[in-house]
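Chains as they are written, first to last, in this note's numbering: chain A, 1 to 384; chain B, 1 to 246.
Be careful, since some hints might not be right.
Partner residues aside, some chain A positions facing chain B, computed with beta carbon under 10 Å [claimed, not checked]:
#, residue
1, Val292
2, Gly297
3, Val377
4, Arg382
Hints listed in this document are in silico derivations from the structure and should not be mistaken for laboratory results. For each residue, glycine too, the CB sits at the ideal point set by N, CA and C.
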Amino acid sequence: MKYLVLVMAGLWRRKLRTALTLFSVLVAFVLFAYLSAIRVGLGQGVDVAGADRMFVWHAVSLAQPLPVSYLDRIRRIPGVKLVIHQSWFGGVYQDPKNFFAQMPVEPEPFLQMYPEYLLPEEQKEAWLRTRTGAIVGRRTAERFGFKIGDRIPLQTGIWMKEDGSTTWEFDIVGIFDGAKPGTDLTPMFFRYDYFDETRGVGKGLVGWYVVRVEDPSLAPAVARAIEREFANSSAEVKAESEKAFLQSWAKQIGDIGLILTAILSAVFFTILLVAGNTMAQSVRERTAELGVLKAMGFTHGQVLGLVLAESCLLSGTGCVLGLALGWLATAGGDPTGGALPVFYFPGKDMAAGLGLGLLLGLASGALPAWQAMRLRVAEALRRH
Amino acid sequence: MSAVDSKTGAGVGGAVAEGTPLVRLRGVEKVYERGAAPVRVLERLDLDVARGEFLALMGPSGSGKSTLLNLIGGLDRPTRGAVIVGGVRVDRLDETQLAAWRARHVGFVFQFYNLLPALSAARNVELPLLLTSLSRAERRRRVETALRIVGLAHRLRHHPGQLSGGEQQRVGIARAIVTDPTLLMCDEPTGDLDRQSAEAVLDLLQSLCRRHGKTIIMVTHDPHASARADRTVYLYKGRVVEELPA
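Isolated chain B, as found in the complex:
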């Protein structure tokens, strides 16, 4: 197992064979110690996500969707099992290596956008690029490209408070893709949006998957949103099920 360079995040475990899933989870368990009784959130979970796939994760509250997203995105560690992304055993990286790996390979989109209110759209999008050694001019070029992809090239200097919810989420998506990551992790990206804005965001995610080859894993409660994905995985009490019980 080769380590990830703590500065660049490069060296993700060697070449991944063609056809090998980008994400592989094997026997993943997550147990939280809360008080005397441990809470088992995920149980012996196996999951593969192909490169370039748009996967929806659905399930009731507490089924483990967000926990699973956090494990794949390197925000948390499993209690047991293997989380392999692009050939890297993510669960074995230390904190600094994980941070570098996330910076290089993963983009996050959140339900409530989580933009910094004091910064313009361009500055918000630029944030992940501050961790790179790119010049200011190159950062600016990439920010403009990312905002153009999400259709907000004309909103560069606007602050989050001056943007609609849908526009803020598109800025959030631009921020997630500005480093050109392999994997996009979306935690209920349409959960705070009206139908029209939600459709625009889903169009954008679909386009990122189809036209730009991004692998997207999206947690959602919304059947309309999951219908846009290539595949939907249902979680129930920490396990993958064929379909959710009525």
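Chain A with its partners taken away, still in its complex shape:
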């Protein structure tokens, strides 16, 4: 710690240059945090997907429905612990831009399947009692000001009611929260029995199935068994883990990870040059001062350490401030109003960012520190 004053002196020698470099590093790490949140958003919660859950959908396309009768057949397959079905409702609230996901489900098995949705017991009871009842995620409830007891109309272009109307009304009976960060708090779930009885078309059909296996290690075998069960039928199925399903869904718009990695690589390479240049200039300007330190008795290793500490402090400060600002910027959730329902800066990316900050400090200071270490005292003192 006693050398900190010397490290700070090096940084404060040119305050404006240090401040600008610090700002560049900070901006890079804000970008890092924001792009991480976008990656999570475009991955639709891949990071929080259950390891023991798998999706079963029509082998032709997710848009093709499956018979609801598959439910019992899937349930009977060895290794299957729980199975539920879901369907895409595709409604909007008041205006087409007010989109959020809605799905009809069977309440009790649904809540067993998704324990990450936290719903108070009395609200669960209300949902079981109310045929037109719906539960909605906290984020969407706050977005539209939904309260328990509200009756809300949704319009859908997919599901016409038996009376020919496309406007459906639901009673909000519950608002759920997430048990872990990254839980999608934007969808609304309502009762399948109400949905199936009221719709004019597609009765007895569902969108896809979600299966919980008894042991995640059994998932591949169970998936193959499910696919075999419906082979050569009119509606063959494809089964995959929830994570793989979400990843393949995300890849429909490209390899997000690769694109973001390419952008961040370019950003950090530029920042490496900026920070490296700052350190190189700083050391070059201080050749005589470094010579004086060595004349006083500072060893080559100590001078190397001082320059590296300086570059690490510069990059580290920018990194920590940038990540903190990035975290604050993403803490507000989805900035798009519905396109990225899961939007947050994951802890493991935060840790990776801190590691990147340290690496940036070491890399940008390595060459100047090496030069400072090799500086011969007599020659350094001649350069004034």
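Once you have looked at the hints, place chain B on chain A.
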């Protein structure tokens, strides 16, 4: 030959007999390899400096004054010959041992002061003490003592930019003496100062020699400065001469 402790710089080769010169140079040569032709800067030079002596080194540019200062101060190594300071063969120490030896036994004063502009006078003076295991309070006490000796106790918190050239050089001297070294190496300490400031700095150096027993070797071009020394050694083309040619 006992080695110098790489951390403390202690163990400078055993006790030096009373009357033995503090600095002894025997047959010292320094040759720089620059391109094809080697440049001989010092030639078979012998020199003794007594303990507590104030020695001035004079000579034209390129005569080898600064090179000689660097060899005695352990900043450079001779090509041949022996450099013995306080009984230690300085020319035989490795880099780490030399650094520790300099930290313990030598203080440097430079023509352009070489203070760190972002640090206060006190912080600049404290720098050599960072290499010791002294407590913060003890470092502060020694810094105040050194600045009091050079007459700048009231300028502790001032930064170099807020001090005159003479004051900056006195801070440089305080930094050189704060570890209480045996030997002070001064490379043209008055070369960048006006006459009045130069006289004040020379008064201070004389006082450090007379009252505090420091051995001072000062490179200078200024006859007024050399007149303050106990003895002047003239260098000409890398050799010690009786007097400089006109």
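For the hint on Val377 of chain A, does the least C-beta distance to chain B fall short of 10 Å? Given a least distance of 4 Å, the restraint on Val377 of chain A holds.
Status of the hint placing Arg382 of chain A at chain B (closest C-beta pair under 10 Å): 8 Å, holds
Hint Gly297 of chain A vs chain B: min CB-CB distance below 10 Å? 2 Å, holds
Can the hint on Val292 of chain A be confirmed by a CB-to-CB distance to chain B that is less than 10 Å? Since chain B brings a Cβ to about 4 Å from Val292 of chain A, closer than 10 Å, the hint holds.
Taken one by one, the earlier hints all hold for this structure without exception.
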